[in-house]
Amino acid sequence: MQNNFSEEDVFELIEKAKLGNTRAFEMVVRTYQRYGFAVAFRILCNEEDAKDVVQECFIRIWKHLNEFDEKIKFTTWMYKIVVNLCFDKLKSQKRRRNIFKNLDEGSVINAPGGIDLEKELTNKELAAMIKHFANGLSKKQKTVFILRDMEDLSIEEVSEIMNISSGSVKANLFYARQSIRKKIIKWENQK
Amino acid sequence: MNCSQIKELIFSKRLDELTPAEKSIIEEHISSCHECKSIYESVQRAESVLVKMKIRQPILDNEEILVNSIMQKVNSKSSNQRYENEFYFFERLILFVSQKSVQYALTSILFIVVSLYMFEEYSAVKNIIQLESQLNNTVQVNNSKAEIISFDNDILKFFYDAYKFARGNSSYVKLSKDWLLVNKEDLRNLLLDYEKLDEPTKAKIKSLQSELLNQKDLIFSETQTGKRKTLELEIERLNSELQKIKSRRGK
Chain U
6 MQNNFSEEDV FELIEKAKLG NTRAFEMVVR TYQRYGFAVA FRILCNEEDA KDVVQECFIR
66 IWKHLNEFDE KIKFTTWMYK IVVNLCFDKL KSQKRRRNIF KNLDEGSVIN APGGIDLEKE
126 LTNKELAAMI KHFANGLSKK QKTVFILRDM EDLSIEEVSE IMNISSGSVK ANLFYARQSI
186 RKKIIKWENQ K
Chain B
38 MNCSQIKELI FSKRLDELTP AEKSIIEEHI SSCHECKSIY ESVQRAESVL VKMKIRQPIL
98 DNEEILVNSI MQKVNSKSSN QRYENEFYFF ERLILFVSQK SVQYALTSIL FIVVSLYMFE
158 EYSAVKNIIQ LESQLNNTVQ VNNSKAEIIS FDNDILKFFY DAYKFARGNS SYVKLSKDWL
218 LVNKEDLRNL LLDYEKLDEP TKAKIKSLQS ELLNQKDLIF SETQTGKRKT LELEIERLNS
278 ELQKIKSRRG K
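Heads up: the sequence lines are chains U and B, in that order. As numbered in this note's numbering, residues 6 to 196 make up the first sequence, in order. As numbered in this note's numbering, residues 38 to 288 make up the second sequence, in order.
What the hints contain is simulated information worked out from the structure, not anything from laboratory work. Since we're looking at a predicted model, the values are computed, not measured. C-beta atoms are modelled at their ideal positions from N, C-alpha and C, and glycine is treated no differently. Heads up, a few of these hints could be off.
[Said to hold, decoys possible] When the alpha-carbon atoms are kept at most 20 Å apart in a straight line, the in silico DMTMM-like pairs for lysine to aspartate or glutamate are as follows: (1) K85/U x E156/U; (2) K99/U x E53/U; (3) K175/U x D53/B; (4) K91/B x D157/U; (5) K110/B x D54/U; (6) K74/B x D53/B; (7) K50/B x E78/B; (8) K74/B x E45/B; (9) K91/B x E162/U; (10) K137/B x E157/B; (11) K68/U x E20/U; (12) K50/B x D54/U; (13) K78/U x E17/U; (14) K129/U x D98/B; (15) K129/U x D54/U; (16) K144/U x E156/U; (17) K188/U x E45/B; (18) K96/U x E61/U; (19) K187/U x E78/B; (20) K89/B x E123/U; (21) K175/U x E59/B; (22) K94/U x E61/U; (23) K110/B x D57/U; (24) K188/U x E84/B; (25) K89/B x E156/U; (26) K23/U x E75/U; (27) K23/U x E128/B.
[To be verified] Which stretches of chain U does chain B cover? Using the computed rule of at least three CB atoms under 8 Å from a CB of chain B, they are: (28) 61 to 72; (29) 164 to 171.
[As the list claims (entries may be wrong)] Here are the simulated distance ranges between beta carbons: (30) K74/B x E17/U: 49 to 59 Å; (31) T27/U x I146/B: 34 to 44 Å; (32) R39/U x L147/B: 20 to 30 Å; (33) E64/B x Q195/U: 20 to 30 Å.
Taking the hints into account, I'd like the entire structure generated from these sequences.
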């Protein structure tokens, strides 16, 4: 069932889902949940939180199916919801427990050790690397970097998802790339 | 390009985003600059780490559990969909109405409706004033209790006759300026009401009215010859016809 649908296929499934066809919607969930999960995981660096976001994302999509604008790609709409939910989660977690200091400037995240990039990475190792390399970036810079350089989305898509201008995407990306590359070079040299 | 420009170029883009021209500029520069060469190589290494991180997608285990959990909630929401759709409709309606442009449009429509109503009222009042003025031209035809009114305006004459039918009068009322002033409101309502009637009812009333006008002359002449009673019965019949129309309209 793990098919990759064309945009037309997705629109057709969405149209069916709008009429209450949950089976069609399930096909959409099965196909796209992993993409939503990848973005949520990279932003939140936590598997359970990312799963919560994916779940909430698809429930929101179901509730707001009638608002789906066919002029934009389904994935763009989905990523937009995922990113907003991630930001909400980060905000509430930071407020409640104040433990997401990895996203604040000046906090120290230890460099991940013993990671062999030639082998399969566990989610924990991947989370540790992202946390370390993105340390000191704002959530906007980090998310722009993830969407553009990790998920390979276009500048225009990132701009639509983040609801910021293309210029702002490029500026945030420039700063994020510089910072991340420097950290990777340092990490490489320490190995 | 100097070193600082080369460094900016290296850091501003992903290496795979560099154009062939930019690549050749960098390669030409680093062939003679050790510092920039070292930076470029470091960035290349960093890029290769990022490529590996990009390839390593986070693993979503137990996909089926997540799908089931989502669909369970979707199905429970689905049963409430009807209620939510209704709520959604009202929510959208409120949002729609709260838009400035919509408010301006609604205000304009309200203004037009009120203006039309005022115009209609004005026309009705104008008609009554006209009728009043015409009453001054009343011609006394004979010395009986009935008075025949000469109206220039056929429509007003018609309404006068229709009014009498509507009131259930089987004989002519004494029409005077005082009478009109007392019954002005009723007559006004009748004028307004007539326009609201459907076409068949209007036609029926018109035919009754024309019948009445014919009878009117007879009433006058027959009264002189003692056959008034028969004609009154005829008017009674016409009147009951009108009552039927009125009751149908009421429904």
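The hints, checked one at a time:
1. K85/U x E156/U: It holds: about 13 Å lies between the C-alpha atoms, which stays within 20 Å.
2. K99/U x E53/U: holds (16 Å)
3. K175/U x D53/B: holds (16 Å)
4. K91/B x D157/U: Status holds; Cα separation ~9 Å.
5. K110/B x D54/U: holds (18 Å)
6. K74/B x D53/B: Holds: K74/B and D53/B sit about 17 Å apart, inside 20 Å.
7. K50/B x E78/B: holds (15 Å)
8. K74/B x E45/B: Since the Cα atoms of K74/B and E45/B sit roughly 13 Å apart, the hinted pair holds (cutoff 20 Å).
9. K91/B x E162/U: holds (18 Å)
10. K137/B x E157/B: violated (30 Å)
11. K68/U x E20/U: It holds: about 13 Å lies between the C-alpha atoms, which stays within 20 Å.
12. K50/B x D54/U: violated (32 Å)
13. K78/U x E17/U: holds (13 Å)
14. K129/U x D98/B: At roughly 13 Å apart (the allowed maximum being 20 Å), D98/B and K129/U satisfy the hint.
15. K129/U x D54/U: holds (13 Å)
16. K144/U x E156/U: Holds, because 16 Å separates the two Cα atoms, which is no more than 20 Å.
17. K188/U x E45/B: holds (17 Å)
18. K96/U x E61/U: With a Cα-Cα distance of about 16 Å, the restraint between K96/U and E61/U holds, given a limit of 20 Å.
19. K187/U x E78/B: Judged against 20 Å, a Cα distance of about 12 Å means the pair holds.
20. K89/B x E123/U: holds (8 Å)
21. K175/U x E59/B: holds (18 Å)
22. K94/U x E61/U: holds (11 Å)
23. K110/B x D57/U: Distance ~13 Å between K110/B and D57/U Cα, so the pair holds.
24. K188/U x E84/B: Distance of about 12 Å is within 20 Å: holds.
25. K89/B x E156/U: Roughly 13 Å between the alpha carbons, so the hint for K89/B and E156/U holds.
26. K23/U x E75/U: holds (13 Å)
27. K23/U x E128/B: With a Cα-Cα distance of about 18 Å, the restraint between K23/U and E128/B holds, given a limit of 20 Å.
28. 61 to 72: holds (count 5)
29. 164 to 171: Contact hint for the segment 164 to 171 of chain U vs chain B: violated, 0 residues under 8 Å.
30. K74/B x E17/U: 49 to 59 Å: holds (54 Å)
31. T27/U x I146/B: 34 to 44 Å: With Cβ atoms ~42 Å apart, the hint holds.
32. R39/U x L147/B: 20 to 30 Å: violated (54 Å)
33. E64/B x Q195/U: 20 to 30 Å: Holds - the Cβ-Cβ distance for E64/B and Q195/U, about 29 Å, lies within 20 to 30 Å.
Consistency with the previously given hints fails for numbers 10, 12, 29, 32, ordered from lowest to highest.
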